[in-house]
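K.L.:
Sequence:
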Amino acid sequence: MARWLPRSTDLTRFCQKLNRVKTLEDDMMETSFNRCLSTIDLTLLGIGGMVGSGLYVLTGTVAKEIAGPAVIVSFIIAGFASLLAALCYAEFGARVPKTGSAYMFTYVSVGEIWAFLIGWNVLLEYMIGGAAVARAWSGYLDSIFNHKIKNFTETHVGAWQVPFLARYPDFLAAAILLVATAFISFGAKVSSWLNHVFSAISMGVILFILIMGFVLAQPKNWSTQEGGFAPYGLSGIMAGTATCFYAFVGFDVIAASSEEARNPQRAVPRAIAFSLGLATGAYILVSVVLTLMVPWHSLDPDSALADAFYRRGYAWAGFLVAAGSICAMNTVLLSNLFSLPRIVYAMAEDGLFFQIFSRVHPRTQVPVVGIVVFGLLMALLALVFDLEALVQFLSIGTLLAYTFVAASIIVLRFQQQKVDVPAPAAGDRPNPEPHEGPSSGELKEYESFSDKLQLVDRDKTKQQREPGQLKAAFEPYLEFLSDFYPGEVVTVAVVTLMVSAICLCSILVFGNTHLHLPTWSYSLLLVLFSLGFLLSLLLIWAHEQQHSTQTFQIPLVPLSPALSIILNIYLMLKLSYMTWLRFAVWLLLGLLVYFGYGIWHSKENLRELQPQRLSARYVVFPSGSLEERVQAVQPSSQPTAGLPDTDTDDCKR
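If you're matching positions, the sequence shown starts at 1 in UniProt numbering and goes up one per residue.
It should be emphasised that the hints constitute simulated quantities derived from the structure, not laboratory data. By construction, the Cβ of each residue, glycine as well, lies at the ideal position given by its N, Cα and C atoms. Do not take every clue at face value.
As the list claims (entries may be wrong) - Pairs of lysine-lysine residues, derived as DSS-like cross-links and limited to a Cα-Cα distance of at most 25 angstroms, are as follows:
hint, residue 1, residue 2
1, Lys603, Lys64
2, Lys603, Lys17
3, Lys64, Lys220
Claimed, not checked - Pair ranges (Cβ atoms, derived):
hint, residue 1, residue 2, range
4, Leu592, Glu475, 17 to 27 angstroms
5, Ser235, Glu479, 46 to 56 angstroms
6, Ala315, Val495, 54 to 64 angstroms
7, Pro301, Leu515, 32 to 42 angstroms
8, Arg363, Ser8, 37 to 47 angstroms
9, Phe145, Leu24, 47 to 57 angstroms
Full structure from sequences and hints, please.
P.N.:
So this is what it looks like as structure tokens:
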């Protein structure tokens, strides 16, 4: 029976396949897309993705049912929490200007299977999100016409009483998605222009709301007679923060569009910062005027802004608010339809998804197959399915993507930069250069210049230390960590940090309710997992990291990404168990696709299988004071163990 068990070498090779990272091209600006988007274009795309129907609906709902006028504080905290995730996206978008957003960022730093699962979840998130917004758009327009569209459809088509299906087919929602799909397929410039128009109208309406709102403001609506500024206390503010956090999830459309930006190194960080700042300001100011115009407890959660103007005697203003709401929902639709095909394209281009979705139209330079197919699927979802039960699913995919991107920032920041050293020409011999290697050690063999070989001083001095190595100040206390390869300890510490964060948040969320822990064990577990989280953070900080002045870098690493990780995990654990059950089912479907197709057609897998025409090994003899010479060697004709064998020409000291 033992012969049927997999060998340890096979398991190791299999795990290496799952965790292989994407090899980036030398010229990351080269693309089959049209680099035509400016900073303004990306900023308006981000604003369109964030300032949608939530501005007109979410503010009133949170103010009346969760936080009261303190919804303002909830939006401030949620904006700061979103900023942590947005800065991680900004650094990756500047360093890796390729389409794919969280999928691509995870693939280049964490591993293939994790990247596929992130992309798989984001794919469903965009599909359900776009369909849900289309149905909200249809319902809002129908309410303006006194539900005549709904009554006509139920009378002439009929109503359904089937689980998971809508009560009636929403032809209007499907139609708006098909129209938006047609516009998106015309190219990035057309999509950007259309988004500009709708965003301009939406921002004009918001400006009108703010001006009129402050004119009609009554400070007494925050007085104690009306319940005060924070009637639900701190718990209400934090509960409102968890809800308001999802209002800012649209900024990742900027990262997904980085391959179509003219200057992504500058445009992507600026666009993310500008769009998030403007969106946060809009949510805060609209919350201020809304709760000052009418008492918070009398708000209509379904149409708070329009109802507030109506009650103050300005019924005509409700039409402007309705127009702004419809335009805002149009920008969210465009954002979803713009991002989704590009993430699918990135997965197909890497071989992890069906190759047909990697086709780019030669004239419009967009992934037209993905746009059409997923636009039709989104329209089908909006036409027949009841999406209310699935809307909660959106948050878990977003939060999981945020978590992996934050972890990827830490891993990548403490990895060695790949150095491109030109190989010597045929017949040339490199001149020996004086080099002082480590005082002791075995022969070190490297397989390529670009990945491993670093012809720099290996002596551990304070002046020159590579990313991932222990800082000189901590070496006397943590000397046992010096034997690990640079970056290995940091990777283990990141995994430990995430496990500690999951355990800590689980105790905070379930300790008193589901687990019914006694006070002493609850406190003890909180202390233990908090210590594990902090020690992992300190261990990461004790290592050298990359410092680049060429692209944007998030400040306070690893603290900023670590705060983002623990916040995202906490919010994920606050979701219902049905959301986790649906998530598990979708995850299993994704694993079937990956192991049935992706792992075999992955470009990284094909690259491993292809025999290399020319390979060389470089042997470095460590020595305390002697010179070291590195000599490329031509491979022999017979490969061994999957790699071309080499004959040693000469390596002299």
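K.L.:
Determine for every hint whether it applies to the structure shown.
P.N.:
Now the hints, each set against the structure:
1. Lys603 to Lys64: It is violated: about 52 angstroms lies between the C-alpha atoms, which goes past 25 angstroms.
2. Lys603 to Lys17: 12 angstroms, holds
3. Lys64 to Lys220: At roughly 17 angstroms apart (the allowed maximum being 25 angstroms), Lys220 and Lys64 satisfy the hint.
4. Leu592 to Glu475: 17 to 27 angstroms: 48 angstroms, violated
5. Ser235 to Glu479: 46 to 56 angstroms: Given range 46 to 56 angstroms: holds, Cβ gap about 48 angstroms.
6. Ala315 to Val495: 54 to 64 angstroms: 58 angstroms, holds
7. Pro301 to Leu515: 32 to 42 angstroms: Between Pro301 and Leu515, where Cβ atoms are some 33 angstroms apart, the hint holds.
8. Arg363 to Ser8: 37 to 47 angstroms: 53 angstroms, violated
9. Phe145 to Leu24: 47 to 57 angstroms: With a Cβ separation near 52 angstroms, Phe145 and Leu24 satisfy 47 to 57 angstroms, so the hint holds.
Hints 1, 4, 8 from the earlier list are contradicted by this structure; the remaining hints agree with it.
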